[in-house]
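*Asks:* Mind docking chain B on chain A? Use the hints.
Residue strings, one per chain:
Protein chains: 2
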Amino acid sequence: MKITKFGGSSLANAKQIKKVFDIVKADPDRKAVVVSAPGKRFATDTKITDNLITLAEQVRDGKNTAKILTIIKERYMNIINDLDLGQIVKAKLETNLQKMVTDSYTSYDHLLNTFKASGEDNNAQLVAAYFQQNGLAAKYISPEKAGLYVSTQDGHTRVLPETYTNLEKLRQIQECIIFPGFFGVSKEKQRVTFSRGGSDITGAILARGLKADLYENFTDVDAIFAANPQIVAQPQKIDHLTYQEMRELSYAGFSVLHHEALRPAIMANIPIRVKNTNRPELPGTLISRTRTDNKYHITGIASSHGFMSISIKKYLMNEEVGFGAKALNIMAEHQLSVEHVPTGIDEISLILRADQFKDKEEEESVLQELKERLAADDISSEKELALLMIVGEGMISTVGTAAKAMTAMANTGVNLKMIDQGSSEISMLFGIAAADEQHAIKALYNTFFKV
Amino acid sequence: MKITKFGGSSLANAKQIKKVFDIVKADPDRKAVVVSAPGKRFATDTKITDNLITLAEQVRDGKNTAKILTIIKERYMNIINDLDLGQIVKAKLETNLQKMVTDSYTSYDHLLNTFKASGEDNNAQLVAAYFQQNGLAAKYISPEKAGLYVSTQDGHTRVLPETYTNLEKLRQIQECIIFPGFFGVSKEKQRVTFSRGGSDITGAILARGLKADLYENFTDVDAIFAANPQIVAQPQKIDHLTYQEMRELSYAGFSVLHHEALRPAIMANIPIRVKNTNRPELPGTLISRTRTDNKYHITGIASSHGFMSISIKKYLMNEEVGFGAKALNIMAEHQLSVEHVPTGIDEISLILRADQFKDKEEEESVLQELKERLAADDISSEKELALLMIVGEGMISTVGTAAKAMTAMANTGVNLKMIDQGSSEISMLFGIAAADEQHAIKALYNTFFKV
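Quick note, the sequences are listed as chains A and B, same order. Heads up, the first sequence is in full-length UniProt numbering, so the first residue is 1 and it goes up one at a time. Heads up, the second sequence is in full-length UniProt numbering, so the first residue is 1 and it goes up one at a time.
Only chain A is shown next, with the shape it has when bound in the complex (with noise of 0.2 Å):
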């Protein structure tokens, strides 16, 4: 049985919707179909999750809202028109925009997560309507009577322990389910988003929830690139990966699985395969626990920017008992999360995403109070730090990954600022200006794969 999820380049219009139904109707052990909202049908276009966000701050701005509301219904209009869905599920649409404007909400926040999760609960009504007009058994089911539970700890939701015991009540029903992605079901019944492109993770609680042996994840490319298309072209693709690849390469930019989507299938043991509904005959990308050897000494090259690192310095610092503990702690204060410690002799680094400053004055601050309380002989930032990552199982038990990475880099005249290796067993990190990303990238890629 598997779980099967659509992201939004698939849903985007009535073309998209049909190879859908098509994909679906081709395989019988599609017992379940996530559901994301209308995406962009072209690159200049607006998603439908974002027109809801615009209608919401509206809503809250007190802005006459009366435009943006017909983009939205106009979005679904087409649709419906083109799939030949008729009246009553038009009727149902406006019905359930007008409740949504209308009804009272306990907070922004409350009214934000209602709106957002409207995007994907309309188009799973509407793809259940097309699949049931066209002759396959279908029924659409909502979180609230699924039992997805969520809670929302520290700006993070989460899926509660029980909805996997709730799912699996999902099993005994005959039809096609088709399930909105992106949102659950707080204790209080409100209902909560996951984190943007959290359709993802809807899906991989579904097969985690009603113990699928595949959960595929269609989206809008043939596989997982071993390094981003748009700095090299046409990189190979991965054939197959391991959650733990996935997971490392997911962090530094891979974002074509949402990285919260792994879990549940990790926990469960439940492979996903990555597909392309545009070319469903193509086998795409699977990650699972293990995998067979593939034929390069790496699995991908990831690279993130956006990041800054705070140096500072103390004589003898190494001798003093819970030094970085002290820095780190100042860090946590301000709720600012460090993800990487290089630490030298008695120079210790923060790596960090310099977004997490609102402004130069809270860096400036924070700077102060660390060099104060730590007693400090010296603290520095520096910004434009790129993160790049090179990722593959075993790699570091093959000797020479490291010098082949940092040759390739040092010949294209990369200066390494950081180099984090250690914790990792299948990855290796390095921090570089940002001007250098693409150029690095390109070289580890000629490196590694051009082989």
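One thing to keep in mind: the hints can contain errors.
Note that identical chains are pooled: a pair holds if it fits in a single copy or bridges any two copies.
Unchecked claim - Derived lysine-lysine pairs resembling DSS-like cross-links, with alpha carbons at most 30 Å apart:
no. : residue 1 : residue 2
1   : K313      : K295
2   : K63       : K139
3   : K295      : K63
4   : K19       : K404
5   : K314      : K326
Note that these hints are calculated values from the structure, not bench results.
*Replies:* Frame of chain A, contents of chain B only:
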């Protein structure tokens, strides 16, 4: 004006003390001589400091001390006889030793510190007597008299700032000052030793206090070598290195100069020259704030073993603000000093000296505590690690040093378990299996110095 310190092997017997006399006499700028306790005369000899520690332990345990006391006395008596110093010096030594063993002490720590300090103290008095007898106006000055005040915090003896004001007055003394190294006095007038090898620290403190132009450190090697001569045959001598290079090298195993001796010299910007008592005509090694370029790409290669790593895995760790701080806090609560913290995406490693755990049980209990309090998915430890460091000013701005180093190690089959670079701009740290230490050092030496 120069402060000149002589190590234990430079003062181990009458023959060596005569060399010291010749060296001091040859240069009237040598204003103060800092004296160690008599060291080893031959490879299997025992340093007098170790004999004094044995004596202290025997007193504490109520054992018969006659034999060890005789050994200590004989060491000095041999020197006194060989230098023809005569009865007054002998009587003074006997009085000193007698007073030491019969005095009462506030604690064993007080006793131990006083006993250890006597090694240098008696030697300084004896050296002063020899200098005077041979026509060099010399004066023994004790730390009490000079006002070399120290305090102890967390087991570390540190000089108090007023010391420098006190020491400046010694500039008015006409004679050559003979000063015992290794200890100062507390505000309670008790003698407190620095850590082992601490005469280097006394020398540096005097250099700063007396505002010397140069701090000469005489030992038994021709220079500081670019690599450990016990691993690399006849390594390159380093002509000139910076304070910071010395600091990093001494962290990772270069023991020629006590690393705590650097700070006073750095603060007062006093250059240090390491020389050989047995070959004073050689230039030795100069350590100063800046240096001219040397012909090699890096300055030195150091290594140190006895490290271990603790690896902690937790899914989505990197999204948990303060995770690293929590881990380091737990270590600090146990007074465990963590030296390096390589971080992955969902993993963090703690690199520390393994001997901080008193036994396997304590280690397991800390690991268990980390696992529970951090709600970690997995925790493991790895022993027998060595840290290897390559050091050189401006190394980081030279693209390719890292690549060169790693290629060298990869070619010899050395598996890199950890790479930490990014905080210090003049060094790069590698974690390897202790079993690979010698291979790795040789490979790096051949790459960077045999050019």
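*Asks:* With reference to the structure, classify each hint as holding or not holding.
*Replies:* Checked hints:
For the homomeric pair K313 and K295, the shortest alpha-carbon distance between copies (29 Å) is at most 30 Å, but the shortest distance inside one copy (44 Å) is not. Taking CA atoms no more than 30 Å apart as the test, K63 paired with K139 passes in neither setting, with 37 Å inside one copy and 91 Å between copies. Proximity of K295 to K63 under the C-alpha cut-off of 30 Å is found in neither arrangement, the shortest distances being 58 Å within a copy and 71 Å between copies. For the identical chains of this complex, K19 and K404 are neighbours neither inside a copy (44 Å) nor across copies (53 Å), given an alpha-carbon limit of 30 Å.
For the identical chains of this complex, K314 and K326 are neighbours both inside a copy (13 Å) and across copies (22 Å), given an alpha-carbon limit of 30 Å.
Hint compliance for this structure: hints 2, 3, 4 are not met, and every other hint is.
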